[in-house]
Amino acid sequence: MVQVTIDDASNTAIAGTAHESHGNTPPRDSLLAVQKLKKSYGDIEVLHGIDFALRRGEVHAILGENGAGKSTLVKCLAGFEARNEGQLYVNTKQEFSGADSGAGSSTIADNAVSAQLITAKDWTHAAAEAAGVVLIHQEFNLAEQLSVAENIFLGSELRGRGLASLFLDKKQMIDLSRDYLATLHCTIDPATLVSSLSVADKQMVEIAKTLAKDARVLILDEPTAVLTQKESAALFELIDRLRGRGVGIIFISHKLEEIERIADRITVIRDGDLVGCYPAATLSKDDMARLMVGRELSSLYPKVPAPHESASVALSVHGLHVAGASAPESFELRRGEILAFSGLVGSGRTALFETLVGLRPARSGSESKIFVQGNEVRLTQFADARANGIAYLTKDRKGSGLLLNKGLRENFSLFALAQFAGVLIDTRAEQSAFDKAVDTFDIRMRDTGVVAGNLSGGNQQKLLLAKMLETEPDIVIVDEPTRGIDIGTKSQIYHFLAELAAAGKALVILSSDMSEVIGMAHRVAVMHQGNIAGVLSGNEITEHEIMRYATGLKAAAA
Amino acid sequence: MTKVDFKTAGPFIALIALFILGIFVNDAFLSAGNVSNILARSSFIGIVAIGATFVITTGGIDLSVGSMAAFISGCMILLMNALMAKIDSFVTIIFLAIVASAAIGALAGMINGLLTTKAKIEAFIVTLGTMGIYRSLVTYMADGGTLSLNFTLGDVYSEVYYGTLLGLPYPVWVFLAVAIIGYVLLNMTVFGRHCFAVGSNESVAHYSAINVDRVKTATYILQGLCVSIATIIYVPRLGSASGQTGILWELEAIAAVIIGGTMLKGGYGRIGGTVVGALILTLIGNILNLTDAVSNYLNGAVQGVIVIVAVYLQRGAWRAKN
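Chains A and B supply the protein sequences, listed in that same order. Start counting the first sequence at 17; every next residue gets the next number (our numbering). Start counting the second sequence at 15; every next residue gets the next number (our numbering).
None of these hints come from the bench; they were simulated from the model. Fair warning: this is a prediction, and the values are worked out from it, not measured in the lab. No residue lacks a Cβ here, since even glycine has one placed at the ideal position from N, Cα and C. Hints may be right or wrong, so weigh each one.
Okay, the calculated beta carbon distance ranges per label pair [what the hints assert, rightly or not]:
no. : chain 1 : residue 1 : chain 2 : residue 2 : range
1   : B       : 138       : A       : 214       : 31 to 39 Å
2   : A       : 444       : B       : 261       : 43 to 51 Å
3   : A       : 184       : B       : 190       : 17 to 25 Å
Beyond 12 Å from chain A on every Cβ pair, some chain B residues (computed) [claimed, not checked]:
no. : residue
4   : 41
5   : 93
6   : 118
7   : 135
8   : 157
9   : 172
10  : 173
11  : 180
12  : 184
13  : 218
14  : 220
15  : 224
16  : 252
17  : 323
18  : 329
Work out the full structure, taking the sequences as your base and the hints as a guide.
Listed below in structure tokens is the structure:
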């Protein structure tokens, strides 16, 4: 039963050559291993017997679509969730030699003892941490108003000696923190407040915390989702160094290039089943995508013919001055057109469109003219945009898109609620519209009673799409529509967007994903420091050109 | 196979348990007089607590309701006494006082709401401030003593509190009406949905084209109106107002809301639970009055224990669910 089977004929070649199977005991060099791990929530089993083993000094990627069970698996590994069945082995006897002695020099001692079997009840989060198994969540776990050093030693504060043991030994904590950060080649001052750090630096602090805890298994759940390319590169160098010290690293990411760059082995899971475990060198990116999805992916980006020259202008913006931008901005969008806004993180895409639709105030004293389908409109609040057939999907689907603790139907109808209500809400009409949307957008859930927070990221995005499109807008603005989403769901979302454009809706895609911009857009506006640096169309849309505008090497032709 | 949902059923079970306890404690408990007394007394706190359910569901808090009740009572009495000299019809005078009461309540609520939303001061601080202001104003109006309603007018107005319909006092009918309207408003209208959304996550509400400030301000205005309604039926009971009127009403109202299963952090509100919560609080006092086993002076202590136990049970059930 544990024997891995790959039903897809196209996969057998890979499986035949590269798939590794281990016997009933985990390899002696495993830091952490599970066999036949099963996990259920209520009556629903989400993991159906997974085998997984992490060696020391390896980066082991876990690959799978949204909802495949990756996060559940790592939560079981890190003691956040108790497994229902299966054995978990941990090799706690392996010691770091001189973890405090600084960069590079320390390694895990080679006197490997056979792994210990730990019962599900005993494998709590605290037990896992004591054994050196640390999970770094996508959402950081830092006290924002405390300093870096205070965070690193949170819960294991150092005290002075003798009478001074009543007080904290701040100096030693700061000195040690500086050492840990130096190990990571990171120059943050340990005395700074965490709230003043960038996202990348916060992640460094999270990793420094694991050094203080003497971590030997580090689990990173989509660590690069919030990082820029440069920051990601720095993270990978750090992972290389940790790997060199013998730390085992479990790495989850949807970016296949990253997995190709960093992973030694890859475990693929699909719908809670193990597909297989492969040496990374034997898989191409195409192989990875195919194993994950279980079928050949048709072209990721559907081709939408550019609108005819006679297509009317759906949206025309003149002199919109975003607060903080140096100059007002103007652009036009035609029916059936897909206009992408590209640029570096922080280039002002979101600010521009949130100002346009009335979610944030424009620069005070500025006057803009906005025409929707040829009629001049004033969009002072978001409700005005909705009334004029404009929908805007936020990129922050957890923080601003969905009520995570509320049911799916309530979330679905929130933006279009007036459509279902006279004096009272017609819950029957609301329910039937919801049922239809679940069908149209292929929203998958454990059961209809779950809250939005329990959906996988991809399904949350589909729910958000359903919510904002229920008003049948003519102009649809989507901000980072596929961030943190697996390739199968990505493809679905691209097809939904393509259908909208084909139906004559005007579409704006704000995205930092270069291939998505190039694959989908008819025209690309590249932003640099708050304003449009240039607009590309047709053959001009290349990664090279976009980067030249995005980095300010090239400015708009005067 | 559905398990009992503690969050919904808990307050009802507690109410029934207290009722059964009451029957055992004293034979007089079940008398028509005592039951209608319990219902009438719960109506003041109950009506105020229904307003508080809206405020708390939307993520706010209003500490000023007790002082506001005292202030509105004082204004009504001063107005009625003054109108006695100008208008002959007692009914007209009472009607004008009721209109004024509603206007003052709505205005006071709007001030709380606008200070919270437009001036962006935390609701706790705003209403702590207005609580002190209204309390002080009514003491000033009464010159440190008591404002008394004209005797002959008071006789006519007292019908509002002591009169009955189908055997139940008018305040009970008013309570019932306010509860039904509150239930419909919170659970079946767009406004109610918006209250839940704002209380769950303001940012999501904002990005769903909900006017967050307007929804919040509306809940404070509703709260003010509920205080005004409670005052309209409370003034004829005593016929007076002083610096001591409505003391601790805010805490009793919040306690009723919390016992009823509404969450203080917002996003989750139950009108039915609030009604039960108000009844539970009154029942405790009533049962302590009817028994010698526990001193009546310990009323507040018992109420405090009940609040803490109620929240503990809800949290426990909530945790098990996840």
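- Which of the listed hints are not met by the structure? Hints 3, 13, 14 and 15 not satisfied by this model.
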